[in-house]
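*Asks:* As a plain string of letters, each chain reads:
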Amino acid sequence: DVKVTQSSRYLVKRTGEKVFLECVQDMDHENMFWYRQDPGLGLRLIYFSYDVKMKEKGDIPEGYSVSREKKERFSLILESASTNQTSMYLCASRNRFDTQYFGPGTRLTVL
Amino acid sequence: GDSVTQMEGPVTLSEEAFLTINCTYTATGYPSLFWYVQYPGEGLQLLLKATKADDKGSNKGFEATYRKETTSFHLEKGSVQVSDSAVYFCALMGGNQFYFGTGTSLTVIP
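Chains as they are written, first to last, in the working numbering: chain V, 1 to 111; chain R, 1001 to 1110.
Bear in mind the hints are in silico, worked out from the structure with no lab data behind them. Worth double-checking, as some hints may not be accurate.
Unchecked claim - The calculated lysine-lysine pairs, modelled on DSS-like cross-linking and capped at a C-alpha distance of 25 Å, are: (1) K3/V to K1049/R; (2) K70/V to K55/V; (3) K70/V to K57/V; (4) K55/V to K71/V; (5) K1060/R to K3/V; (6) K53/V to K70/V.
Note that this is a predicted model, so its numbers are computed, not measured.
Turn these sequences into a full structure, and let the hints guide you.
*Replies:* This is the structure we're talking about:
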């Protein structure tokens, strides 16, 4: 079975803190994705990566950056967390033209 | 561009009722179609998929048929259970991009 894991299920941070969300997949997938999910807005793509050290902006990249130093790991970074970044963050991975698999999500609260 | 439209929720049903959640799509080419389910506090899990016209995906009593003529992929289940309470997302893979619907919340009451 494909497994996508995220470093935390719940996270509470303060405004201005630097936040790292980690995602690891164990199926040698090429593509990895970060989404945020908010009530009434569905899933919105923040960043994605087609390969190691490659990254592409999604629909809402502002306030976020990413890092992919190894194929299995894709990190989302909030350089200076703000209250409007309180959300559920979902990581996903897949190979090209194949099914997308999701991690369990990280519910981030920024106070 | 490619997109997915699914019926607005929330949907509330009694146990053993019949379920239909509508999903229509717009796409160039021949997309693959998916239904994902999200249980409370969890990530999205693949429920079923279909990769070409007239294919039927099925899993856990849920079914959906890829209808090219009506550009639809409606989710159905003959008899829902309380444990089916979740949010259901229709999705399309066109080219190498995924497009998700906004989700439909289902609550099944005993």
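*Asks:* For each hint, tell me whether it holds in the structure or not.
*Replies:* Hints, one by one, checked against the model:
1. Of the supplied pair hints, the one linking K3/V and K1049/R holds, its CA atoms being roughly 19 Å apart against a limit of 25 Å.
2. Our distance criterion of 25 Å between C-alpha atoms is met by K70/V and K55/V, whose separation comes to about 12 Å.
3. The hinted pair formed by K70/V and K57/V meets the criterion: a straight-line CA distance of about 19 Å does not exceed 25 Å.
4. Proposed proximity of K55/V and K71/V is supported: the alpha carbons are some 12 Å apart, at most 25 Å.
5. For the hint linking K1060/R to K3/V, the alpha-carbon distance of about 20 Å falls within 25 Å, and the restraint holds.
6. Between K53/V and K70/V, the direct Cα distance comes to roughly 8 Å. Compliance with the 25 Å bound is thereby established for this hinted pair.
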